[in-house]
Every structure is written in C-alpha cells, then in structure tokens.
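Visitor: One letter stands for each residue in the lines below.
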Amino acid sequence: MADVAWQEQALELPDVGARARVLNKLRINDIVFRYLTRASAVFVLVMLGGVIVSLGIGAMPAFQEFGLGFLTSESWNPVTEKFGAAAPIYGTIITSSIAMLIAVPLGLFIAMFLTELCPLPLRRPIGIAIELLAGIPSIIYGIWGLFVFAPFLQQYVQPAIISAFGNIPVLSTLFAGPPFGIGMLTASLILAIMVLPFITSISRDVFEAVPPVLKEAAYGLGCTTWEVVWYVVLPFTRIGVIGGVMLGLGRALGETMAVTFVIGNAHRISSSLFAPGTTISATIANEFTEAVGDLYTSALIGLGLVLFVITFIVLAIARYLLLRIERRIG
Amino acid sequence: MDASLYNARRRRNGLVKVVSVSATLVGLAWLAIILGVLLWHGFSGLSVSVFTEMTPPPGAAGGLLNAIVGSLMMTSLAVVIGTPIGILAGTYMAEYGRHDKLTVVVRFINDILLSAPSIVVGLFIYEVMVRPLGHFSGISGAVVLAVLVVPVMVRTTEDLLRLVPDTLREAAASIGLPRSLMIRRVAYRAARAGIITGVLLSIARISGETAPLLFTALNNQFFSTNLNAPMASLPAVIFQFALSPYKDWQSLAWTGALMITLAVLALSITARSLTATRKSQ
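Keeping their order, the protein sequence lines are chains E and H.
Residues 99 to 428 in the numbering used here are what the first sequence spells out, letter by letter.
Residues 637 to 917 in the numbering used here are what the second sequence spells out, letter by letter.
FYI, nobody ran anything at the bench for these hints, they're computed from the structure.
It cannot be assumed that every hint is accurate.
[To be verified] Counterexamples of contact, computed for chain E against chain H with all Cβ distances above 10 Å:
no., residue
1, Val140
2, Phe161
3, Thr170
4, Trp174
5, Gly264
6, Glu306
7, Lys313
8, Glu314
9, Ala315
10, Leu319
[Said to hold, decoys possible] For the chain H half of the interface with chain E, some residues (derived, Cβ under 10 Å), not all of them:
no., residue
11, Arg648
12, Ala659
13, Trp666
14, Ile745
15, Leu749
16, Ile874
17, Leu903
Keep in mind that this is a model prediction, so the values were computed, not measured.
Just so you know, even glycine gets a beta-carbon here, dropped at the ideal spot from N, CA and C.
With these hints in hand, go ahead and build the complete structure from the sequences.
Guide: Okay, here's the thing in structure tokens:
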C-alpha cells in the first residue's frame, strides 16, 4: 500500500510545476474577471456622473450670464442673445400633465379589463398588443401625428370644440384661437398615447400581484367587479400604481421627436391649448444644430440640464415607490 | 330601499365594465390605426431603388441606401461597445455583489438611466466627443447609442442571472471550477436565451432613436462609411424629409418609417417569443 502511494507521488512530481501554473492562471483570471465586472458596474455610475458634470459645465456660461433668471424669463431671442427657459419648461409641464390626465384613467381601465374582465385566452395577445405600442419609436408617432392626426384634429375636432366652448368663460380662453392642428393639445394627446402602454403594463403587473384570497373574500361578500377593484385592488396596489404613473410621467417629460413634430416650436406661454408652444426637448432638437454662438449652445445645454434634473427626480420617486411595493409583495 | 341600492350598484358596475372594455378597444384601435397608416403611406414608396440608391436632392428619384447603411453601422457598433459593458455590470450585480451596497446603488441609477431622456444623453456625448473633436462623426453617434444600450443589458443580464438556480452554481463549485469559469461556462449558458433577448430589445430600443443622433452623427446626404465623418441614419433622414415641403421626400420618409417600425416590431416579437419558450420549459 505504502509502495503504491509512494509510486503515485513520484509519478505526479514532475507535474507539480505545471499544475501550479495552471492554478495560478485560473486564480489571476478569476481576479481579473471579478474586477472587470466590478469596473463595469461602477461605469454605470460614471455614466450618470458624466451626464451631470458635462451638462453642468456646458450650461455654465448661460447660468453665469442670466443667473436664476434663466429659469423664469420667457424671452428667447437668438439675435440679441437673450435666453430664458420659462416657455419650454411651461410647455413641458403642461403637455405632460394633460397627457397623464388622459393616459392614467385609460391605462387603469385597460389594466382592470385585463386582470378582471378579459377572457383568459385573450389576455396575453391583448397585453402584448398594448405593449407593442410602447415599442414603436417616437419618430413614428411624430410623423403620424404631423401628417394624419394634426390635420384630422384641425378639420374635425378643433372647430367643434371652439364653437362648443366659445361662450363659456374659462373654457373659451383654454380653447381659443384658430385651429392650427399642431399645438400644445395635439402634442399632449400624442404623449398620452405614448405613455399609455407603460402605465397599463405596470398597473396590470401590480394588479396581478394582489393575493387572490383578498379578491375572493370581497367577491364572496357579494361585491361587484367595480367594488372589488375600487375597495380592494386599488388600495392594495396604490403605491405601485403611483410608481407606474410617475414612470410614465418621466417618459412624457423627456419625450422628444413625437412632440417636436406637432408642437409648432413657438417660444411663448399662451393660455390657449390650441396655440403652438414648445417643450424643453423639442427646443433642443429643433435648434441645437443651428445654434450659432457659445451662449446659444450653452442655453440649450442648460435646458437639457433642467430637463435631466426634473426627470431624474420624477424617475427616482417612481423607482423608490416600485421598490417599496416589490419588497412588500416579496 | 334595498332594491334601489342593489340596482344602483349593478348599474355602476355595468357602466364601469363598458368603460373598461371601450378603453381597451381605444388602445388597440390606436395600434391598428398607426400600423395601418404606416402600411398605407409606406408601402407605396417601397421599391428596389429604396435599397440601392442614395437619398436624392428634392425633386429627383432616389432611395435610402446611405441612411440604411449608416443606421446598420452605428447600431452594430453600439451593440458591440455597449453589450459587453452591460453584461459585465449585470454579472457583478447578480453574481459577486448580490448583497453589496454598490449593487443597490447601481440598480437604482441604472433603472433611472433606462428611462432617462435620450436627448440628454445626446448632449452629454456632444460635450465629451463632438466638441473636443471639433466635428460631428459616425463614431460619436455609435457611442450615444452604446450609452443607451448599457442600461437595457444591465437590467436583463441581472434579472436573468438571478433566475439561474443556485444548485447549478453549487454543482460547478463542488467540482472545483473557479468562480469566473463557473459564471462563464455555467451561468451564462443557462441564461443565454435571456441575454440574447436583451440584445434584441436593446437593438429595438436604439434603432428608432433620433434626437441624440442629431447632435452627434448629424446626417449625410452622400454615401459614407467613414466613422470619423458625419453619417446618415434612417431616423435622421426621416426627420429631415418629413418636415420638408417636398412630396417625394415625404414619401421616402414614410417608407423609412415603415422599415424602422417593421424592424422594431419583428425584434420585440422575436425577443418575446424567446423568453416565452424559456419560461414554459
């Protein structure tokens, strides 16, 4: 026995060096790979830092020139080099808010249909179809909005609204002016269509996460479908739904091409929703390549920084809320 | 008294049901209308010359060849740059740093980058690449798209590696496989379908991106494969042609829009069916 063991050792002896080398190589590989993955993870943070720092530096001249007045001034004149962000910020917030007013109820009703009412075999196809809406690139919505949707609104919808609300005090100023087709309202409607799939799919996901026992208990008491959704499902999923809505809002705020096509790019704050306006992203997309002079470019980058800060806050809240509901569901 | 309450509840429920069905129909109708209009306008302009000729000056016949080539080049380069970074970062989060502070922070930031406005990313690359180089270039267009690919890849890689059962990892470790080899040979293989899905989804995401390309790759009316010079891309050409007053340009824009949409829909449906088969297995 001892002989055999000794012989085996002798046989392996010349291999020890090679074996050590292989093991060493593996160990080094292991360390290198580990640090490579770690560096890539850190790189994600570097990207975010890079965005903030580079936009900050780029926007510096504009903020030095105009100070905080940049955010509140409505004038936008490339010739005299007077730039203020009030009109684009106003346009961004108004179009996004109107879009959310339309898309949130619509999305919640679709989610309710998909989870409570829809026949089982239809659930997946309809869900996928709605999600495909989210995949269509924004420029497609833009070209469709410009050539199809805006003319349709101009010809049929806007004249009807103007004549219907013409004599009602508040509504007549809200829907005043000639029907251009393009304008704030058109942009809002297209944004609503674009964020609808996000709100729908997140609401559906959180609705589906409601424990069936809760719903069954409510149905067992004799609740109607609506009462189950209103008194059981919605209170249980409130945080998740708000998270989904904020996520949709983040998308709407930053949406560029679809809005650029139909908003009319006019730097003014108008009380009428039919009037052309502008948003932060539309201003940048329209004017950036034509901007002459450092101050003009810097003002546009400053707009980008404002947009990034707004969307960052909205998206951070959205993710925080969704994280909370994820933890609760487990 | 009771009967009236009962009737009121039933009526309200019926009303809500009708509203909810019609909301769904409205959502589906939009998809149908958009696709229908695209097919209607885009199909008439679809011909061989679209794929063989350059973008024309107004009034002349032409195609979209330079834009198609530019889009393909920048998209593939972006995937080549962005995918490895995304996969490696996702690997760290799912394999090494599962309980790290770093992972939590990176996941949070990555989710924000995932839906951050792409136009801001365009400005970022303009500041760090176009301005120092002094000119617009195809390579900076590719880098913008790569920055947009990374978050998608990080997210899908992390999610799918987490679905790989730990028993597989333990089995690999028990035969003495080093961790990096275990990840590459075992975990990646188990998550392969999902990672391919991620790549397809990220291509779908970037192939329609327009705004960030406007400040980086700009556009080019001529055929060019020079990555150091301005480069045409389908979305940029659609933007320029659609807003022009010329009928032939507008019709080419519709054709380009149809091509992008079909490509994106095909990519997302393929991606979906890949994950669907994986789930059912």
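Visitor: Please go over all the hints and tell whether each is borne out by the structure.
Guide: Hint check:
A Cβ of chain H approaches the Cβ of E:Val140 within 10 Å, the least distance being about 7 Å, so the stated non-interface status is violated. Non-interface call for E:Phe161 relative to chain H: holds, since the shortest CB-CB distance, roughly 15 Å, exceeds 10 Å. At the 10 Å boundary, the C-beta of E:Thr170 stays outside the reach of chain H, the nearest C-beta of that chain being 22 Å off. The beta carbon of E:Trp174 is kept farther than 10 Å from every beta carbon of chain H, the shortest such distance being approximately 18 Å.
Listed as outside the interface, E:Gly264 is consistent with that label: its C-beta sits roughly 27 Å from the nearest C-beta of chain H, beyond the 10 Å cut-off. The claim that E:Glu306 is not at the interface with chain H holds, since no C-beta of that chain comes within 10 Å of its own (minimum 15 Å). Under the 10 Å C-beta cut-off, the non-interface status given to E:Lys313 relative to chain H holds; the minimum distance is some 15 Å. Consistency note on E:Glu314: stated as away from chain H, and its beta-carbon is indeed over 10 Å from all of that chain's, at 17 Å minimum.
Taking the minimum C-beta to C-beta distance to chain H, about 18 Å, the non-interface status of E:Ala315 holds against the 10 Å cut. Annotated as non-interface, E:Leu319 keeps its C-beta farther than 10 Å from every C-beta of chain H; the closest such distance is 12 Å. A cut of 10 Å between beta carbons decides the hint on H:Arg648: the least distance to chain E is about 6 Å, and the hint holds. Hint status for H:Ala659: holds, given a least beta-carbon distance of 4 Å to chain E, under 10 Å.
Residue-level restraint check for H:Trp666 holds (minimum Cβ-Cβ distance to chain E is 5 Å; threshold 10 Å). The interface hint given for H:Ile745 holds, since its Cβ lies 5 Å from the closest Cβ of chain E, which is under the 10 Å cut-off. Annotation: interface hint on H:Leu749 holds; nearest CB of chain E at approximately 6 Å, less than 10 Å. Residue-level restraint check for H:Ile874 holds (minimum Cβ-Cβ distance to chain E is 6 Å; threshold 10 Å).
Residue-level restraint check for H:Leu903 holds (minimum Cβ-Cβ distance to chain E is 8 Å; threshold 10 Å).
This entry does not satisfy hint 1, going by the numbered hints stated previously; all others are met.
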